[in-house]
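A.B. asks: For the record, the sequence lines run as chains D and L.
Note that my numbering numbers the first sequence so that position 699 is 729, with each residue one more than the last.
Note that my numbering numbers the second sequence so that position 12 is 273, with each residue one more than the last.
Listed below are the simulated DSBU-like cross-link pairs for lysine-lysine, each with C-alpha atoms no more than 35 Å apart in a straight line: (1) L:K312 to D:K930; (2) D:K519 to L:K273; (3) L:K309 to D:K923; (4) L:K327 to D:K734; (5) D:K484 to L:K351; (6) L:K309 to D:K779; (7) D:K484 to L:K309; (8) L:K309 to D:K944; (9) L:K312 to L:K351; (10) D:K779 to L:K332; (11) D:K923 to L:K351; (12) L:K312 to D:K484; (13) D:K923 to L:K327; (14) L:K332 to D:K930; (15) D:K779 to L:K273; (16) L:K351 to D:K930; (17) D:K922 to L:K327; (18) D:K713 to L:K351; (19) D:K944 to D:K1039; (20) L:K332 to D:K222; (21) D:K484 to L:K327; (22) L:K327 to D:K779; (23) D:K779 to L:K351; (24) L:K332 to D:K484; (25) D:K222 to L:K327; (26) D:K222 to L:K273; (27) D:K734 to D:K922; (28) D:K355 to D:K555; (29) L:K312 to D:K779; (30) D:K930 to L:K309; (31) D:K519 to L:K332; (32) D:K484 to L:K273; (33) D:K930 to L:K327; (34) D:K713 to L:K327.
Hints in this document: simulated from the structure, not taken from any laboratory.
These are the residues of each chain, in order.
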Amino acid sequence: MTNHRVRRPGVRVDFDKPLTFSFDGQAYDGFAGDTLASALLANGVRMLARSFKYGRPRGIVGIGPEEPNALMQIETGAHTIPNLKATQVELYDGLVARRTTGWPTLEFDLKSVGGLFSRFMPAGFYYKTFQNQKLWPKFEHIIRQAAGYGSAPSEPDPETYDHSHRHAQVVIVGGGASGLLAALLAGRAGLKVVLLDEQNECGGWLLSSPQSVIGGEQARAWLKSAVGELQSMPNVQVLTRTSAFALHDMNLVLAVEQLQDHLPIADRVAHQPRQRLHRIRAERVVLATGAIERPLVFGNNDVPGIMTASALTTYLNRYGVAVGKRVLLQTSNDHAYQGSADLARAGCEVVLADTRTRINPAWEKRVRAAGVDVRTGFGIAFARGRRAVTGAQLVKLDAQRNAIVASGPSIDCDALGSSGGLSPTVHLYCHDGGRPHWDEERLAFVVPEAGRAKSGIYAVGAVTGEFGLQNALEQTVRVMRDVLGSLGKSTPTSSDNLGTDEPEATPARRIFRVPDGRAEGHGKKAFVDFQNDVSAADIHLAVRENYRSIEHIKRYTALGFGTDQGKLSNVNGFAIAAHALGRSIPEVGTTTYRPAYSPVTFGTLAGAHAGDTFEPRRYSPMHAAHIARGAEFEPVGQWLRPWYFPKTGEDMHAAVRRECLAARRGVGIMDASTLGKIDLRGKDVREFLNRVYANAWTQLAPGKCRYGLMLDENGMVMDDGVTACIADNHFVMTTTTGGAARVMTWLEKWHQTEWPDLDVYMTSVTDHWATAAVVGPKSRQVLAKICSDIDLSPSAFKFMDWREGTVAGVPARVFRISFSGELAFEVNVDANYGHHVWEALMEAGREFDITPYGTETMHVLRAEKGFIIVGQDTDGSMTPLDLDMAWAVGMKKPFSFIGKRSFARSDTAGPNRKQLVGLLTDDPQVVLAEGAQIIERADAKPPAAMLGHVTSSYYSPELDRSIALAVVRDGIARRSEDGRKSGRDVLYAYAGGKAHKVTVVSPVFVDPKGDRQNV
Amino acid sequence: MFVLFCPHCGEKREEEEFGYGGEAFIPRPATPEALDDEAWGDYLFMRKNPKGWHWEMWSHNTGCRKFFVVKRNTATNAIAGSWTLAEGRKAYDAEGGST
Ligand SMILES: [Zn+2]
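Okay, chain L solo, but in the shape it has when bound (with noise of 0.2 Å):
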């Protein structure tokens, strides 16, 4: 049980107040159709799923209802930072973009 920074709330709460979201930035693809099964299937099924810094999504479900991006290490559970959707996008490219 550890405590999330909700950015629109500007608090930091219980774990039991959020929901997980899953792995952040994985964008729907613009024309579904134009992908091949293979690719369709990278987008439904495969995730990173790392030991160790993991960009994943979190909804203040008890709280605002909004959805953020939190910075977690999947092995120690340390949380290196949340932000709204759009700020998470930017430190995330700032990073280039891996984990």
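Same shape as in the complex, but just chain D (with noise of 0.2 Å):
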């Protein structure tokens, strides 16, 4: 294995510290300090991905997030991780990777055999081959499989995250030469300062150049001092390992703080989050996010060892790593000449093909004395090798136009670096609406330095398009002497000594992809995104056939579609695209940049919202009860609610039997705590609810309850309940469990808006009060058993009454009310007392065998009764007269009441609506399924006219047979005599496949007088 190490000042990995870590099964060496990219590189591995259609050998191409090959799958079992790039890996001892591209293996790939993919995979391939929907299950896992990316983990996440809210007064994005001085500024000032840099330290491209010099000093020295004096100010928060990855509306940046990912597994800390989301609401937003480098697009660019020109940079002098011996470079700027010098003097054989044919003479000078062969005028044809790379052809390049005068030599290398100039990281910029500009001289899409100061948001540095470290310095001064004038602090007069050794820049060439002499598409493929295998000739193809917005060419041939969202790739897209429509690059434009920035695993958006924490669980007073009593229990809303009780060996439909039975004609018991109730008061109560029910209040006398109506303007019930009258301006009002919070918000609603003159308060006291329904005929023997001061006989106390008392010595509203159709009273105490009134009624009922029910039983019960449930036989256009309920309508009420005005609309009134009716299967042991289809023939096929469907299904023990409701067009005529006489009440419910024939008939199946619950 060849040693790559090469020991430099200013290098950032520690050699002192070796670690061991593992590629595919291998075991490598590395050092604390390396990313897993640059481990690898430094082990002599070059291809260790396949690409996406072709199968081709790929490698490393980039430093950071913008790498679009080396995609890991990290770890095993529980804490695997896929698609993590190596070069944003911190390496640790003991650090498993796999690859995550190459089937069956990364040696032998089928696709790459005989072009056997590539002949049939043209730009558009997905959408061509699969317009016919048919033929994608049967062809998605050969290719999923075959395309790679990395697998996700099969069980539950160890980790833990959290969610951190947090305001600042500036946060700056981007710990870079610009992002330091303008944290270092804003903290001199006092402000609160929060700075995010995701890297592991803080430095941008210092790192990757520690021989600049800022200020007469070497920048390392420079760094050194700038982080010990931000960290030094209790005003300024330094995150590093925090990526920002979003900024939304009214400054809040999103950013995700790595905390134990670069420790080994064994070593992270137990109960410590592993990432942690920061949403930081910030004064002002200062953007130092710098600039990605791109390639330059030429003949078999992407063959293992060909990377960017700042890329081959940062691992000499950030890692300590020469990629090769043999380096050849290309640019068309002056960014890869530090580099050529460094590594000429890190001992490589450097050539450096500028396409330009006047280059900066200073730069010249300096990387010529450290050795470089320099051509100018030259461009890469193509590279030659195939696993690596092994040299290139240079080609002589017209001094204006992009086009060839004459061959050039053949140079061969062991790495190559191009640079096609820098693309500012304008993202964050755009992801609230703003849209980067494009800057003919510089060749980039930069965000104005001016930001949008308006909202708050201000640019420095390289983003701007500033990519001279000087020009840079001095603009962030500049800037940030704004940002503090418009927080009220005096512009700080800067000792800082900012002066550089930079040479004056000299204009980059105008070229994206180089000319190979052949017509795109003829030559060898020269790749734009390495990620989706998108190379020029396919941009041109998609144009070719008439794409012509870059939003479309980009769907069309998956341009940045990747992990690494085209950060190399875009620009020379757009670039290309731009070139084959024969149009200016501004006027192609760019695609929308969305957040995420990068990838953020789901643990850290969900935080603590996951699992039992998910969202709140509320549970009744009296849930130990049930627990005790074996209860499962159903999700209702937030609460947790007896579903059924089981007795040993039973199933839920034997409970169930058992239970209903048991409240028909003995005695059961539900807890119905989880109502909504709420408290009103005033003198204006009872014109209130006059106004937001559908039926009237005026007579209802205290120690009265009735059922209500609640609904919308448009006439359609929303809620229903019972109210009791407490006093003359004193009322109690139940809603549906799940719709508590909405029914509250919308009497507010009304209160404020419309009618704040009424003298109305209204408090919800859900919460506040426990409920226990006992239900059956022998429910007052038990309730008798425990209440001495209410005289439940049924002349004193009759059905619709409530009376104040005592039960089980306990202050108690006793409500003769029933959900079942059965004599019931509804015991409501202090939520406290919840669990032992509970316990005493089933004591009192024990020689009753009384019987707890949960949720199944009740709406078995009720649904036997045709009680409706809002929500489920209701659906938001069901009137109440549409569900056969105008008696719960006070049509002569003097106020026109929310949704009256709305009976008389064409479409309410109207003929062959959708009403509430019962079913009646001609099998009576046919239970039908809910949200079956009503239709009118047993024959009918698709499509046929949809006459309704069924809401509530349930087998009756009452009844010893099915039951169902449902809404039908026109239910209400069908279900009378003239129904019957012309067999319109003959229908058929489809579902499964299966057309059962039922007979509409009323909702009301059990006791249709309504005698039981008045005895």
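Take each chain as given, in its own frame, and dock them per the hints.
C.D. replies: Okay, structure coming up:
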């Protein structure tokens, strides 16, 4: 194995801390401070991926989030993470990494055989092949396996995550030279500052270029003192390993901090989060997000060993890794020069081919002095090599046009770097609507330095196109003066000496695709987007096939679709598309930059909102009693309610049957504590109720209750419940369990916006009361045993009365109301006595075999009686008349209550509305599926007219047959005598491929006259 | 996710504390029965739905539970101000009652 390590001053790896790690099962060595990418390169590993469509060998191209190829599966089992970029994985001892591409193996990839796939996979492959969607399932498995990408973990995530909500005066995104200076200036002014940097230490490009000079000292010395000063300021927080991935409305910065990913799994602190999501509201945001170098596009530019020039420089200067001994650099600008000199001084044989004929004389002098062989006016037509680069064919370029004038030398090399210029990291600026500007001189989409000052967003450094160090620092001072001024801080007189030794820049050459003398598509493949195997020829093909908008070209070719989101490829792609379209780059524009800037794990977004803490769980005061009796539970909104109470050996069907019969023939008991309860007080409550309910409340005397239907202004039922008159100016309303909060807000809205003159005060008291419903013919006997101060006799305590008294020694309100059609008493006590009263009722009922029941039995009992559940039997399009509940509408009330006027709208009053009915199947054992469609004929073929659907369906133990509720067009007439005469009452319920014959009947299946609740 | 100022609490709070209350200043007709179907339909269904400045209601659900008025730009989420219902009405009328 070749040793690629070079010990250089300023290197950020610690050669005294060796580490071992494994890649694809083989052990390698590295050092603390390495990334997985730098360590692999140091070990001479070149090919570590196969490309998506063509199975071509691929290697590391970049140094950070722009890396398109080196996607890794890190660790195994529950800790495994797919598709991390090797360039962003900090090395630790014992790290286990695997390739995510290459099938069946990395060495032998099936797709690469004779171009097996390439012939069949041009741009638009997926569109063209799978327009017939039936083919997709057959091919999906094979294509996904062949294409690669990592595997999601199959076990629950053992790590934890948390969220931090915070405020800052200035958030600075990016800790490079400009960001550090911005933080220093804001920090010295005493502002509350947060500086975010995605790497393990601040410094940005200074870490790759430690020989740069700032203010007469070497950059690394400046860096050390800047970081030290920031750390000494209590008003400044520096968060490293923290990637700002989104900028939302009103300067909300979202950033993910990696707290433990860089530690061996065994060393991670249990009960500490792996990652933390920071949600930071900033008065001012300063974007110092820098730029990413883009490569030039040329033939075979994807061979392993070919990377960006800045990557070659960074691996050398920051990580002490010389990727090759013989290095060929190709550039269109000044940026590659410092690196070429560094590589030469480190002992590499360096050829620098500059596509320009007029180059920067100062730089030329410096790099020649270092031993670099500079060739001006040359480009690379294509590279040689398959699994590792072995050389390249140069061509002489025309001084003006991007065309070849002569052939050039063939150069051998084992590493090749190219620079097509810098692409500013404009993403965050664009997340909340900003658009970057094309700067034709700098050949880049840039953020204006004024940012969007009105919104408090500013930009400094390379992201504005200020690529030179000295210019960027001077600009930072200028912009920060505005930022500080806008926050009422006086301008600091900076004593910093910011002078550098950079030569003045020479204009870059406007070149993206290096010509090879052949028509596009006929030479060697020249890749624009490595991760998606999009070549320059694919973009030309898309344009030939008449795609004009860059957004369409992107989707047709998959340009910029990968996990790198086109950080290397977008600008080249836009430029090549512009060329093919014969338009300018600003005319073509950019695609849309959307959050997240780089991938964020779901765990971080969820934070603590996972598992048991996903949302609050509400329990009734009697919950422990239900657990003790072996209840099965079901969630109802946030509540967990008993579903049924199985005895040993019982399934749900058997338990529900037993519970139903107990309530109908003996006595049952149900926990109704979850119903919403609103306490209303004030002298105008009665009038308020008249307005918000369909029925009338004027006559309701203290001691009485009434069922009410609440409508929306369209006349549709939105909630229902019983309201009791406690006193003339005091009522208690119940709402559905799920509708409590919505109803409360609804009532507040009407009161505050339309009728503020009404004297009404509303308080939610849902959690203040516990409610036990004692149900069945023997319920009076049970209650009588533990309630001596209420006369329970039928003449004294009538149906729909309520009484105040004492139950089991506790003050109680007892309501004689029924959701089952049986004699029933709902006992309401202070929630803190709920469990006690429940147990007292159970004890009192023991001799009557009192049977606790849950929501399932409650549903069967109410469906037997045709009582609706709002939201199940109604869907926001049912009026009281559709429900055959005209008795609950007070049309004579003087005030036009909410929804009343809409009864007369042509649609609401019109014929053929869907109405609530009962359905009986011909076969009494068939329980229809809820949601089954109602059709007219058994032999109807789709598309058949659908007359309605089944809303509730159960097996009724009382009737020993199935019953169903449904909404059916013109349903009420169908169930009448006329309906029966004309046969319109016979319909079919269709579900699961079967049509069941049904008869339309009244929805009240049990005790149609309602005698049983009145005993 | 933006920040709203509740004029009742006198504080700027995160959007998640609030509930949207729809377009502001759509008064309920005093005598609904006097309206024909079209006029009643306008009250029920027709909304300005502009791209740009919009007068709307929000309620401080997890705070004071009061409804108030916000002038918000639906395209940019810029917010021109928050008022109580009564003060908002004055500001709205001062603008000529238009969006
Ligand atoms: Zn408030």
